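Q: For reference, the chains in residue letters:
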Amino acid sequence: MGKKTIIPIGPYHPLLEEPEFFKLYCDGETVVDMVWETGYNHRGIEKICESKTFEQVFYVVERICGICSTSHPFAYANAVESIPGIEIPLRAKYIRTLIGELERIHSHLLWVGLAGHFLGYNTVFMWAWKYREPVLDMFEMITGNRNSYAMFTIGGVRRDIDSERAGKLFKVLDEAEKKINLLIGAVMDDPVIHARLKGVGTLTAKDIHDFGAVGPTARASGVDIDVRRDDPYAAYDLVNWKVITAQAGDVFAKAEVRLLEMLESIKIIRQCLDFLQKNPEGEIKAKVREIPAGIGIGHAEAPRGEVFHFVKSDGGNSPIRHKIRAPSYTCIPTFRRSCIGGTISDAAIATAAVDPCYCCTERMSQAYDFRTGKKLYNAADLIRLSQQKTEEIKKQLHKR
Amino acid sequence: MKIEKFIEEVKQKYPESDIEVINQKRLMIKIPRGLLLKVTDYIFNVRELRYIIVSAMDSQDGYEIIYHYSDDASGWIINLNVLLPHNLPEVESITPVVYGAEWIEREIMDLLGITFLNHPKPERFLMAESWPEGEYPFRRKENKE
Amino acid sequence: MSKKILIDLAKFRVSQKGDFNYGECIYDFHPDNVGMKAVIERAMLRFTCRRCEDAPCIAICPEDALERDEEGIIDRATNLCVGCQSCVAVCPFGTLMNEIITAKKSICDLESCLKSESPLRCIETAPAGAIIVTEMEADHEQNIFQLDDHILVKEVRWEDLIKDE
Amino acid sequence: MTKEIFYFLVFPGLLFAGVLGGFLSWFDRKITARVQFRQGPPLFQPLYDFVKLLAKETILPKYGSPLTFLLSPVFALAGATLAAVFILLPVLGIESGFSGDLLVIIYVLNIPSVTYIIGGLASGNPLAAVGSSREIKLILSYELPFLLVLTSIIIKSGMTINLREIIDVQIAQGANIGSLSGIFGFITILMCVQAKLGLVPFDMAEAEGEICDGIMIESSGSVLAIYKLVKYIMFLTLPALICGLFFSGLELSGINILWSILKVLLVVLLITLIRNTNPRVRIKQAMRFFWVWMNLFAVISIILSIIGV
Amino acid sequence: MVNFQMMIFFPMLAGIILFLIPETLKAVKGIITILISVYILYLAFSVFSAASGLYQMQCTIPYISSYLILNVDGLSKLIVIFLSLFSFLFALYSYGYLKGKQSVECYYSYYVITIGAAMGAALAENLLFFIFCWGILGLTLYKLIKGHNEESSSAAKKAFILIGGSDSILILGIGLIFKLTGTYNISAINISTSGALANAAFLCLLIAALTKAGAIPFHTWVPDYVEHAPASSSAFLPASLDKLLGIYLLARICIQLFSLTAWATMLLMIIGSLTIICAVMMALVQHNYKKLLGYHAVSQVGYMVTGLALGTPLGIAAGLFHLINHALYKGGLFLSAGSIEKQTGEEEIDNLGGLSKLMPLTFFSMLVFALSISGIPPFNGFYSKWMIYRGIIDFGSGPDLVNKLWILWLGLAVFGSVLTLASFIKLISGVFLGRFNQKFAKIKEVKFTMWLPQLILASLCIFFGVFAATAILPTLFNFAPISGAQNLDGLWQSPQVSILILISIVLGFVIYAIGNIGKHRREDSFIGGENIQDETNFAPSDFYKTITEFKLIAFFYNAARKKWFDIYYLGKGFILGLFNIFSACHTGILSTYLVWVAAGLAIILLILI
Amino acid sequence: MGFKESCFKKSLWVYHLSAGSCNNCDIEILDCLTPRYDIERFGMKLVGSVRHADVLLVTGIVTKKTKPRVIEVYEQAPKPIVVIAIGACPCTGGIFASGYNFAGPLDKVIPVDLYIPGCPPKPEAMLAGIMKLLNK
Ligand code: SF4
Ligand code: SF4
Ligand code: SF4
Ligand code: SF4
Ligand code: SF4
Ligand code: SF4
Ligand code: SF4
Ligand code: SF4
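Chains as they are written, first to last, in the numbering used here: chain G, 30 to 429; chain C, 983 to 1127; chain H, 42 to 206; chain B, 2 to 310; chain Z, 903 to 1511; chain Y, 108 to 243.
Everything labelled a hint here was simulated from the structure, so no lab data went into it. What you are looking at is a predicted structure, and each value in this text was computed from that prediction instead of being measured. Cβ atoms here follow ideal geometry from the backbone N, Cα and C, with glycine treated the same way. Each hint should be verified, as a subset may be incorrect.
To be verified - In silico DSS-like pairs for lysine-lysine, Cα to Cα no more than 27 Å straight-line: (1) K159/G / K31/B; (2) K197/G / K229/Y; (3) K232/B / K111/Y; (4) K63/B / K1344/Z; (5) K235/G / K1103/C; (6) K232/B / K152/Y; (7) K987/C / K235/G; (8) K76/G / K1012/C; (9) K152/Y / K76/G; (10) K208/G / K111/Y; (11) K229/Y / K200/G.
Said to hold, decoys possible - FRET-style restraints, in silico, Cβ to Cβ: (12) D303/G / R1029/C: 37 to 45 Å; (13) Q1006/C / E310/G: 23 to 31 Å; (14) D253/G / Q1006/C: 17 to 25 Å; (15) I178/Y / L1070/C: 35 to 43 Å; (16) P1067/C / Q183/H: 39 to 47 Å; (17) D1043/C / F199/G: 53 to 61 Å; (18) S159/H / K995/C: 41 to 49 Å; (19) R198/H / G311/G: 40 to 48 Å.
Whole structure, please, built from the sequences with the hints as guidance.
A: Structure representation (structure tokens):
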């Protein structure tokens, strides 16, 4: 067969915001195997968390990744608050929900933009990011920062949203919604995007179960899971919304799920703002003096899926073990199923489809592909090749 | 409710297990390590719970490994807890059953020095090439060789 | 069962300059955990603190971490305290010490330490005589007071000092 | 000979095409920026880029073939300038072409792409090799429709293969774009030019998001500077060719100069809009697109021009 | 007066004498061969300067002498001069190439015999003499490969059977011609391709010419041959001599022996176009570089056939010019391939890479050849192809269906040229560019006798391209039917363009000088920061994988792999089938076979008379 | 020379290198490209290959694993090259400085020309920083 084409992607690659390394084994443009190496981004956050107090951990987990900088605190808050079993004030619940959903919009817009960028469709990139700006403005208005909001604290939130600000937020939201609708239309109806995304990187429900994939990746394959509904936290059981799913499991379905989820998020935000405007007074923080010894398990639905935090406390004021499982950690291994068989170009977008961010995956990890290509390659190609060869040999024998 | 039935069934099938509701909607099932694969198979394949992750830590009594599963229909999180003594950090790998557990087992292998038996690719993988052998950042000082 | 430790607060000072040595600790679930600090904090607040009426420490605390319990003893909510040490600065009696009032809480797992055969790490590393294992009981005459089942504290109480004067 | 050298180096060759092409590439970037609600680069940006690249350090590949790597931009420049001269002379009406020049143009227009490929391969970088492989496949795909469009034009102009004569026929009978076959041909050639210029949706050879600029990954400093210059020249040459073939050439006298500028800008505008409203397609899709659809369009155009529509 | 005997019979005789020299003195044989070829080259020049016309070779045997009439006209002059030139260059190359290499037995003997026979074939006026020489060529072709490696004998067999078969068809054709005209003298024949017999004769000759030249569907011996033959043989026979002679015969057919009617033109056009496309498509997916070159040797024939089929002076001139150009670069390509093979011992493109630094001269010449064959201006291949295209467009104004289809011919020709470019990019990149394999780190440039012919051919490629209009066409292609084939006017005067290109190269270096190229640095390739450059690579054989993924194309490739299009295997299948039928008659007694043979001969004779 | 200098300043091509960041700084860098900030106004653009780069934007702490790669990329970049440390992470290690996989602040690894602190710095801050560097 001669040499196999080996295409490196990364660790510094325009496709990836973060350092990450894939080795694509290709046959022409077709990817037959993929080995990957991580650990570039491994910052040892879980260990750092053990040296921080419960309160400080918020600011660390916020920096697990800047894109889900609410989801991790969210899950962490759920986990820690479950140890003493505190009920946080209603107002805080709404504010948390609001921020969580705002983040979902910002993150999905970001994804749409980046996906466009990977496809060389820079206009979509620019548009999506332009429309993301109002969302960031809203963040700035609420929390004082565009990313890494430092909004959460044990027992509630750190800043209130008064009704005047809520009114402003309403306006910005209306504006953003219009734009987002526009963008959704533009992306969903573009025939070239259809051609490029449909049937690419398909995952079945079985794959999802095997890998434990979550979030839009799972929902796009018809697996109807969403922590917000299954194990409601904050105010998700108090507002009215629905879980978006799609059946196809390809990249387009994932895009579709993400785009439509934004609209649901806007719906939720509306209801939250409504509540905040109607009930302008209220506690935003419950006082938690001590965290007793015990185990806290919390999860939250990040834009990319379930974030899972496991916290063990010994009665001190810092966790003795803090295990973080980010959605990408279980979604990224699905590349092995989604990339192989596609072309190099598809690999890029199929990779992007999970919306991978290695930051969180790697706070702890470094991994390789384990089922080495042999199986995948052998099964598909070698058998066929050897059959052909036998046939040829047979024929030649026959001729003589 | 469904979860009660589940608890009943586990109790019945695996009487050695020790079941405890740790807080709202969180279930901890402590099992001896010999039972791990069977219970995993039951939970993952029969009950079709979603695998979340595996946590491991170095506690005073030994290395504690907790397998987290989620029952999405009810919102319960089911945790399997296996305790390994400090002097024998070995446990069966669940990767043959749960496809997605491969990374995390290797991660634990790397960070805590626990051996997973029958792991499909039990390669040593550390953060950096330069990371010294036999060093496990998550082991407590007293357990570091 | 009645194995206890006796800590002598005064003896932790190493030199005249005011350096303190609280010893090392085997409980390493938290980095830099010095279990003795937690013990000393409790002892200080119980036996050294003067329980001021309008306690300035409570007033100054920006995080409302300090509270008085039923007995009037100051209690620091470690989950709220940010370690700004305003209280240390403001305490007119120097009760609170900056090495001890830190954001991170230390844990002393005395029970298991006492159970184990090997000698306590804190005793080996703290200044000689600051901590000793003993089976004695509380003895007010010798300024030895009971903190809890396992800890005795040797401290000159301010009530006694006032009395002396 | 001095006349030719003047043509080649100054007008309408290197200097003229380079400067004007630089301007057009600025125009392209500016329009792109406007489409994306941005402000875009300043007018002299192409110049800055070029001069800066010249001043930068050049890194040669350690493996592969450094000499080839250095020579390929030079040949690209030669090819592009030749193409510019051959196309612009008749299109601007300075000198009538020679019989058969369209066929020469087809070949000369390919020289830059070929040298990119050879340069990319000479760098010894696997990503550049992927890019080269894509570029050559792209050439394979667009070459046939490009040729067919030209034959359609040739038929329309009464079997002449002389660019100037084609323009003259158009001046006499109205621009080719005015006819149905012309429209089909125009669409086809626009796509081909898009691919020749390596712009989205056919920029897979330099796909930034997939293979880090592909062919160009290893070029730095002066090498990249020359490549940039080549791109500038091509940015004028190809639209000018379209103008010559479909918009009855460009006139440089009096008020016509405005018309000419408008024509070129219009073509560039179209190209820019296409590139900003499409994602990059897969190489296979691109090949299918050209082999099936564009060839179909070109054949329709030929049939229509045989009928005379 | 040229000494024609020396030209034709002396080499044959010398070849026979060379048999007597033991193989251990291979070097001596080589030097003798070179000397002979120099002498022939000298003679060829004198032929070139001789006046056109018929020459009677002196011969003491009266009966034979009537056959030994030679026809010296523009066409044969052209062919002869190049035949001798190539003979010389390849002899020179063979000397180095075969040194220290176990190879074909009595290589030089056959080589020298080939020279003589080729000269004879090119000059023969009498068709019988022509067949005599032509037949010898088929035999030496067989001999020049046999024993090179294990598979070479089956390839030789295949070549021999196809060539031999075509030769017998040629005999049949010549018989038919004699029946039609009553003469064997070429210059006296001119038949119109109408009427069954004339058509049959035409077809017979055509098959012979196409088989020799290697056009579809009679091409299949070429790729197999070049894969297994020594590179010098490949360069010598399939790439240059056979091509020259095959196309020479075709030219004779088209120009002189027959006047083509529309259907014949159509047939030739179809053959030409198919040859161009199909062969180049096969070349695209080859992994063995010699085989790749072999398919190109086929593909290029398509252009010549197309050019000749046009029948216009421009077309014929283009076809012949392309023939010469082809022989120049394809011979060169085989030489370069031989150099690579000799130095590395590798024939798979995938296993090579990065040789440009190690074998710069070979790389340079190979690049020139590759660009020439791909038709990149200003190299020679561009010029002749361009003439062909123009010929096709002019041809388009004709009245017949075949004229109306000019777009098709043009499209296929241009597309084939692009495909050629594509496959050569693969070759060049796979062999010379990219990373080199550490295994080959010690490889050096080939010896003087080997690179000299390569460089000569490369410079000829450039020269023929640059000075095509000014020097080459007026001197070499200025004879009877094609004199005055159009020249180019306007700016595209190759010398001027070349000067311009030179200027821009200088300019490029000026730019480099302005930019501080002096401050350059050499670094390993950038692949994102990970330091695993050694592992990563792009296998050149995967270059065109995408193309083969299209269903329709994949179907054809599969079919080709199964040898559906190989006339040899088809014929073999057919004969085996016949064999089954006739096996009833199989008695095992020799005389029965003889009866069959005799019967066959009788039938042939009946047709002939 | 002056002209070349000013051209350099007006045409900065940026290569983004994440050494182990939290994405925040990275997306804020991308934000600079987008309509609101649009660094193309200043002739800057993001490039895909370090060979084209004039500026290396480094974000994130330098982890033990990325350290050799960062050095590799730095060496592969054509000089002159401006290295900008974006965010608290590369400047000091930021919140992760105490981690066991931290290999030292960026300036211990490669020479740094400009520090833009913040966690994450706002795009305005980045623009201001770069402008300051250019007008130096
Ligand atoms: S899933 Fe991605 S965006 Fe979310 S925390 Fe992880 S890395 Fe960040
Ligand atoms: S008793 Fe044990 S846990 Fe407490 S301070 Fe001493 S060593 Fe630490
Ligand atoms: S150190 Fe803690 S308790 Fe003291 S004032 Fe500050 S926050 Fe309050
Ligand atoms: S230590 Fe931190 S929380 Fe306290 S005052 Fe300073 S900045 Fe604020
Ligand atoms: S003493 Fe210094 S540190 Fe303390 S509050 Fe005053 S200024 Fe701040
Ligand atoms: S100020 Fe000092 S003495 Fe007074 S209550 Fe507070 S700690 Fe005790
Ligand atoms: S940006 Fe703010 S928090 Fe960060 S180092 Fe500067 S002053 Fe401190
Ligand atoms: S500086 Fe802050 S925002 Fe930037 S990468 Fe580091 S932690 Fe993230």
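Q: Determine for every hint whether it applies to the structure shown.
A: Here is what the structure says about each hint:
no., hint, verdict
1, K159/G / K31/B, "holds, 17 Å"
2, K197/G / K229/Y, "holds, 22 Å"
3, K232/B / K111/Y, "holds, 21 Å"
4, K63/B / K1344/Z, "holds, 17 Å"
5, K235/G / K1103/C, "holds, 22 Å"
6, K232/B / K152/Y, "holds, 17 Å"
7, K987/C / K235/G, "holds, 26 Å"
8, K76/G / K1012/C, "holds, 25 Å"
9, K152/Y / K76/G, "violated, 38 Å"
10, K208/G / K111/Y, "violated, 43 Å"
11, K229/Y / K200/G, "holds, 24 Å"
12, D303/G / R1029/C: 37 to 45 Å, "holds, 40 Å"
13, Q1006/C / E310/G: 23 to 31 Å, "holds, 29 Å"
14, D253/G / Q1006/C: 17 to 25 Å, "holds, 23 Å"
15, I178/Y / L1070/C: 35 to 43 Å, "holds, 42 Å"
16, P1067/C / Q183/H: 39 to 47 Å, "holds, 44 Å"
17, D1043/C / F199/G: 53 to 61 Å, "holds, 55 Å"
18, S159/H / K995/C: 41 to 49 Å, "holds, 42 Å"
19, R198/H / G311/G: 40 to 48 Å, "holds, 46 Å"
Going down the numbered hints, you'll see the structure goes against 9, 10, while the others check out.
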